[in-house]
Structure formats: C-alpha cells, structure tokens
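Got chain A; can you put chain B on it based on the hints?
Here is what each chain is made of, one letter per residue.
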Amino acid sequence: MPELVEKLSFYLDFPFVRYAIVVGVLVSLCSSLLGVTLVLKRYSYIGDGLSHVAFGALAIAAVLKVTNNMLLILPVTVAVAVLLLCTGRNARIKGDAAIAMVSVGALAIGYLLMNIFSTSANISGDVCTTLFGSTSILTLKIEEVYLCVVLSCVVLLTFVLFYHKIFAITFDENFARATGVNTTLFNLMIAVIVAVIIVLAMNLVGALLVSALVVFPALSAMRVFKSFFSVTVAAAIISVVCSLIGIVIAILAGTPVGSTIVAADIVAFCLFYGVSLFRGRGV
Amino acid sequence: MGLACSVDEGSDLYKVILAFLLVVAVSVLAKDPKAKGTSKIDIDLSRMSSTMVFAQVNQMVTTPQKFVGMRIKMKGVFSSYYDNETDQRFYGCVIADALACCSQGLAFSLAKPRKFPDEYPAEGETIVIIGYFDNVKEESGESYPIIRHAEILKE
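Quick mapping for you: the protein sequence lines, in order, are chains A and B.
Position 59 (the first sequence) corresponds to 59 in the working numbering; numbering is contiguous.
Position 46 (the second sequence) corresponds to 46 in the working numbering; numbering is contiguous.
Only chain A is shown next, with the shape it has when bound in the complex:
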C-alpha cells in the first residue's frame, strides 16, 4: 500500500495527470446532472448517438486539417442535438430510429473519411483513442483544460439557475407548458447543454462509452434515492467518485482510462442495486 501511495504521488507530479483529474471531475459532474433528466425523459441513448456524431465531425476536422477541431465538432454536435431533441415529435423519422440512424451513419462516415483521407500514420491508434478514450484525457493541452473548465462552469451554472424549469420539463412537459414555461426554449437549452457535455466527455471515456457517464450514475442513484433532488445530488457524487477511482486505477495499473471509469460505474451500480435489494425496494 505505501508503494502505491508513493507511485501515485510520483504520478501526481506530472501536469497532465493533474489536468486529467480536473477535467475528469468536471465532466463527470456535468454529465451526471443532465443524465438524470435524460434517463427520466427516455433519452438515455442520445449520448451514444451524439458522441458518434462528434466522432464523425472529428474525422472531418482531421481531414480538413482544422487546428482547433473543437470549432467544428461543437457546432455540428449541437446542431444534431437540437434536431434530435427539439424536432423529434414533429419529424417524420422519430425517437430511437432517428438516433440510431444518426449514430451509425456518423460513425461509418467518420471511419470512412479517416481511412480514405488518412492524415496520421497511426489510424488504428487515433480511432481506438477516440472511440474508447484509452488515453486521450492524459494527452490534453492546457488550452483544452481551460476550455473544459469554462464550458463545465457554464453547464453547472445553467443547471443550477434553471433547476426548477428543468425539473418541470423532465416530469411533465405538457403540464409545464400549460403553466407558462417556454418548453421549446428549455428543450433547446437542454439539447445544447447535452451536446456540450458529450463533446467534453469524449475526451474522458471516448465516443463509445459516453452513454455510460450519462446513464450509470443516474440509474445507480435511482436504486436508493427517490426524489429528483436527492437522485441528482447522489448521481453527481457517484459519478465524480467513480471517475476519480477510474483515473487513479488506470494510471497505476496501466489500464485504458475510459473503460476503467465505466467499470467503476458498473461496480457502483451493482453496489447500489444490492443496497436497494437489501432495503427491500427492488428494481
């Protein structure tokens, strides 16, 4: 044990490890907050769809040799999030079908572009890192860390300021509309925030595992807590703790960061499920 502490202390001297921890905590906090709303609105899988869109946009940015790929990824992901979340009910292709179509389409086009217009000597490495987040959070530049901090603060502030409206839209959109809440505006806001979180979370766990950050903490908290507020707070704590544990295990044991964080989330879910069974509440 003292050896592990010494090793961890040695690793913490590296700036990129400290950046990873800061970004990991912020992204997991933001994703868990919105995760509760998305799970309750039956949009659990949107994280997966949008992350694939972000992957496709990343491939286009790489082909076009855009220096700051965030300038392309963020607007594209936000646009698709707005299309999926705000026009879903009136669209000809609805709900899960639209998400599935966008998800696999973007993934395929992204991989195709990366292969045809290869800009790197190690395509498999780039794809592996982007999809599974094997080490991407440990290769962040300081500008990316600042951008992540700013965007996370905006997301947190928006969530806290509009908590009651988000609560109303989450549980009964029709009732919220009847009471004078501008549901279109707030759905648009949620779509934009979800897209921002997805793009940020891609650095943490990779495109294929983003849904886990959104879904697992919320579902774990729902096993034990029952009010919207307590579930939101518990999901945030679970998500942050699991991310920290995942990052620490990944750098100590040399495992891929993204999948280690998701594994920690799965263990937490099992623990909370066990607690709920023990308390006689069941699933």
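Below, a list of computed lysine to any residue pairs in the SDA-like style, where the Cα atoms sit at most 20 Å apart:
1) A:141 <-> B:63
2) A:141 <-> B:66
3) A:141 <-> B:67
4) B:75 <-> B:128
5) B:75 <-> A:254
6) B:75 <-> A:253
Rather than coming from a laboratory, the hints here were simulated on the basis of the structure.
Just chain B, lined up with the frame of chain A:
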C-alpha cells in the same frame, strides 16, 4: 623565517585553490546532465505504467522543445526500420499495448555504434535504453524525436 613561512603559506594556499577548483569541477560535471558517467535520470519511463508512458511519450513528441537534453530511461521492445530513400536504418524502443493500436515508441541512436543485426537485440526483444532526448529537424522542415548517445542496458 618570515619569508619561508610566507612561501609555505603560499604553497598551502595554492593547494587549497587547486582543491577548491577540483571540487568545483567535479560538482559542475555532476550537475551537467550530459556529463559521461552520471547516473541522474530526468525521466524514467521504465518505472511508469503503460498508460503513463503513452501520455508522457505523447508529451515528448508534441512538445519536444521542453525535453531536449534530458536524460531518458525507457523500457520496451526493440524494433528496427530500414528507410530506402535515405539508405538509413532506424532503431526504436517501442511500448506496445494489448490491442496494438496505441503503441508508442522513440527512435534511438547508440553512443557506440554496433553492427546490425549481429550486435543488436532481436526484433521484439525487451530492452532498456538510456540516452539524451533530442528533436531532429529534417531539411523538409519536419522533425522527429530521438534518444541520442544511447546505451542498451539489458538485452
């Protein structure tokens, strides 16, 4: 007597100055990272987990100017590549991962050249190398990182 005493004192002073210069020279040499025989390692990649090595080597490749001149110790597998265009053989120390997609490595050139392949390790053999990090700039404007004046500790 007084003069003799002065000569002795002068001789002692001369010895003291010589000893002082010797101590300074030794301490300066000890602080010079490129001084031969020093055991100081600036970055010991052989102590790190594969995830940390990937991240650290990525830092060294993306911001080489921060690491030029540092003494690096690295453990990985030996790999070599022959470039037909330049008629040169490059040697590398590669840290492979389980999926073989996120491998990272650095080229190295030995302080005491050897004959290839007889005096080099076999391809894929685990090696530990120590040398000085450098960033080679080619005429085309491109650059690549390399460990210079390297020695292979373990074959």
